[in-house]
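Keeping their order, the protein sequence lines are chains C and D. For the first sequence, position 154 (counting from the first letter as 1) is numbered 140 according to my numbering, and the numbering increases by one without interruption. For the second sequence, position 363 (counting from the first letter as 1) is numbered 349 according to my numbering, and the numbering increases by one without interruption.
Calculated from the structure, these hints are not laboratory results. Quick caveat, the model's predicted, so the values are computed rather than measured. Mixed in with the good hints, there may be bad ones.
[Claimed, not checked] If you anchor each label on the Cβ, the simulated ranges turn out as follows:
1. D/HIS155 / C/GLY238: 46 to 52 angstroms
2. C/MET451 / D/ALA535: 52 to 58 angstroms
3. D/GLU193 / C/HIS242: 35 to 41 angstroms
4. D/LEU308 / C/PHE543: 49 to 55 angstroms
5. D/ALA535 / C/SER471: 58 to 64 angstroms
Positions of the beta carbon are idealized from the N, C-alpha and C atoms, including for glycine.
One-letter residues, chain by chain:
Protein chains: 2
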Amino acid sequence: MPTYKAPVADTLFILNDVLALARHNNLPGFADASADMLEAIAGEAARLAEEALFPLNRVGDQEGCTRHDDGTVTVPKGFKEAYDLYRAGGWIGLAVPEEFGGQRLPYVLHTAVGEYMSSANMSLMMYPGLTQGAIAAILVHGSDEQKAAYLPKMVEGTWTGTMNLTEPHCGTDLGLLRTRAVPQADGSYKISGQKIFISAGEHDMSENIVHLVLARIEGAPEGTKGISLFIVPKFLLADDGAPGARNAVSCGAIEHKMGIHGNATCVMNYDGATGFLIGPENKGLNAMFVMMNEARLGVGLQGLSIAEAAYQNAVAYARERLQGRSLSGAKNPEGKADPIIVHPDVRRALMTIKAWAEGGRAFTLWTALKSDIAHRSDDETARQAADDTLSLMTPILKGVLTDKGFEHAVMAQQIFGGHGYIEEHGMSQYVRDARIAMIYEGANGIQALDLVGRKLGLNGGRAVMALFKEIGDFCEENRDDETLSFFTRHLKKGLNDLQASTMWFMQNALAKPDNAGAGSTDYMHLFGLVVVGYMWARIAKAAQAGLAAGAGEREDFLRNKLVTGRFFMERLMPETALRKARIEAGAETMMELAAEAF
Amino acid sequence: MPTYKAPVADTLFILNDVLALARHNNLPGFADASADMLEAIAGEAARLAEEALFPLNRVGDQEGCTRHDDGTVTVPKGFKEAYDLYRAGGWIGLAVPEEFGGQRLPYVLHTAVGEYMSSANMSLMMYPGLTQGAIAAILVHGSDEQKAAYLPKMVEGTWTGTMNLTEPHCGTDLGLLRTRAVPQADGSYKISGQKIFISAGEHDMSENIVHLVLARIEGAPEGTKGISLFIVPKFLLADDGAPGARNAVSCGAIEHKMGIHGNATCVMNYDGATGFLIGPENKGLNAMFVMMNEARLGVGLQGLSIAEAAYQNAVAYARERLQGRSLSGAKNPEGKADPIIVHPDVRRALMTIKAWAEGGRAFTLWTALKSDIAHRSDDETARQAADDTLSLMTPILKGVLTDKGFEHAVMAQQIFGGHGYIEEHGMSQYVRDARIAMIYEGANGIQALDLVGRKLGLNGGRAVMALFKEIGDFCEENRDDETLSFFTRHLKKGLNDLQASTMWFMQNALAKPDNAGAGSTDYMHLFGLVVVGYMWARIAKAAQAGLAAGAGEREDFLRNKLVTGRFFMERLMPETALRKARIEAGAETMMELAAEAF
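The shape of chain C in the complex, shown without the other chains (with noise of 0.2 angstroms):
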């Protein structure tokens, strides 16, 4: 039977240690999130996740989501139970402003929990996710009207939202979409097309859905120029603001996916469905990409979360599978065997997913606690630098750790031989569910070109060159420590090699744009290998700096972090040499065939 704990020692560790939060309560929200507070949240959290969703995640796989004649869509026996809990714990509004019903907390608190939700059950917790970013859309985007109308009903979850981009012929490339918006006399749009993809967008756990749908007003500008975007609720709300009128969109079908059965993935129909504008004309891009940078990081954490629940089963069955002897002499000489982890393979897997679990928790906590600072803090420097690396590392936390996710479930499930690929032990539902976190919310291609074309130069390359300052001066000064400068050695290594190939970027891809392209996966990865390597040493900094003060029962628990991070920093980090290889190596050879000789 599958098993899942909340990683909530680690938690707190990273946020009080290695993030030492305290020192940011000074940010609105953050005086109410003390170190007490933080493990009575995370606890409650830990609760919720293991209890209530966990349960469910074979169900929901089973299971999956029906959809009725009369296009009405169930979800599986169980979910509608478990989202309650979740909306009615408050949850969902954990960091949004009190005005509209939430707690206003840390948005880093709120990602901290969220790793316990999508571990659990990953498509459950995709419904309160795409509300999430409907909410953060509306937030910054709406009017002082569409705030009022739909926030508090969404905070409390009792309505929900979704994302309606995709259309059959357009995916990356929203500049091709034909949905269609026609003016009506009293402001209001009705939107025709067919959208595709859509996840949670139709189902019985809420009294309404607000869909948010990208479409292009008659008469707009070709390509991303003409796209705005629209409120499209399920139910259009009364004179009362209660859900009232049916509107003219509904769910042709739900999609046969190779995984996340539990979320309801449709083929959504409008046909004249009243829509209206949110943010102002052919702006719709904008408004949208909000909601998306919001999302990428949700998918990011997602990979996060499940290569954590995927770990934690291969190590309770590393442990229990008795298989062979130990290389170095029988380490169970009772039993009949010794268990397989014993075994260095067996370690190596468990110790490469363990050494990126931890440290992309990390990168991902640091993260959104940039987030928080640039969405509240005071001062303005601080807010534009936060700001700055938030921007810079949406992509490549998007894409290396959904990339990391679903290599990791791999692993996981690798080590439960051909019982991790029967459906019993729920490795492979681990793998089918990570699957889909490397393409949705922007191939991770795409996320390679975004951080290679558009992050990398923003503003004369300040983010970048902020962060490498910030990593080399974090080298600078702890290369004498004894400890520490195994990891900054390590550290300033991979460094470099991001260095040389940001400026090898500078020098070939400006006037040869395809260098660019044919570099940008390796060198999304190459800076992911950085930046968590970076978490590394700084983890171990914590570590170190806690077991001097004297660890007491934390003693074990820091000394791991070390032997881990060394892990990291002797086996992961060397692949940024490769990385940048294959960057230099340039765009010519792959360039050279015809399309008809592949």
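Fit chain D to the known structure of chain C by using the hints.
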């Protein structure tokens, strides 16, 4: 709709130009394999794969196999008819001696066409594939009576075969197995126990099923030294040799698997079934390894097969899907967007799969040819040298090509974006099917251990030294050639990394075997890179020779080989340095944590 065309031209190029099969026409059976004959047979196989097997691939996935209450199992619709075509075409016995109904053509040809069949329908091909392995074991270890009784029917395919190793509590560690064999007065045995994960264990496609079963004779020594191999036919043979009384072996359940749904993976219950010892008592593992080695090459081939099939579909999609514009200016200016094959990051993925598939095909056929030489040559030195290489390459071929097969199916799926995640395009099936090949016939971690712990040191390292010399000599001989020096330079670097890592094991793993285990998977992949790199260097040499001789209509084909080979060298070979760095990191850090600390 999924698509598949057998890569006949590439097969023939490798057989004729790279491996120069004609030079081996002194081997029995090779004289019949003229270039014309090869082309005719490959063409015939391609037709069968494309027209009969491939159209059933999705059906098999969707429909799966059904176990009925009486324990009988039916395969997906159409499978029996397609299997009958395969069977009747004589494909099972292609390389089997004539006295048992085979054609004794080269095993390398059998391997070449086997690729097409598994690309077209991996699940269906497993039925004759397992039969193949059972034939190999009976050929080597069976008595004359057993050969006469079973082989002709198995070669004609009217009876199929299985391998029964795994039990619920043991897979890798067969020493733990519990299935019992009790000697009977008539020389037969009563077999009792449960086997799991038995591919093709029960089905309705053949008149009889010949189970090869590992069991422990009463009173036999513990561990692997007490295991014997038995033939347990589903129907006992009557006096006239035809299937007679039903034996006490039955399918208890069909496993619910992530993929290969078209193959019946069964729990098999032996309830005092009548079995016949094959080979000597307590030497069952030796006999099983004959089967296993053959099967491992077959599984490596599956990795190649699925990667090739997934690649072809990704290429077709990348040529048709219009999305975005080329970074270097519109390539399809009349259209609303360019086909995505113009994007470097899409090409990165396609070129990676292509370079591994073509290099992997050469690797597979080169290894299969070693098998022919090892089994058919009358020159003992040549036989031994070929057997050395075959034995060394078996774990590498299995481990590397199946890891890559899965990785590349995932890459190909990624090119489809969201359309790859839904089942309609068939990309999910390739990923789900490819996954098993990393697990069965010895999980890839076991292949790596077999390589490092057994194959490397065999006969004082004779096999590995000979191969290093062969590759080193090739580099030396061709390093002054203008075209080839590029290839030999990269190959030499890879070889140096491989030699240094081999040396590192010799110096560090004898006293501390965990150092071997810790680096084993990296070493297997390092070796795979160098061998496939060697293949590419030989392909380049053959292509260059072909071009120099006046290539005619093959000119583009040969030029493209040089481009793809350059890609392999520039982008993929540099990974050898990373693998070496990981190996040299040793076992210390990864063995440090207590099992409870994970």
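If you test the structure against every hint from before, which numbers come out violated? none
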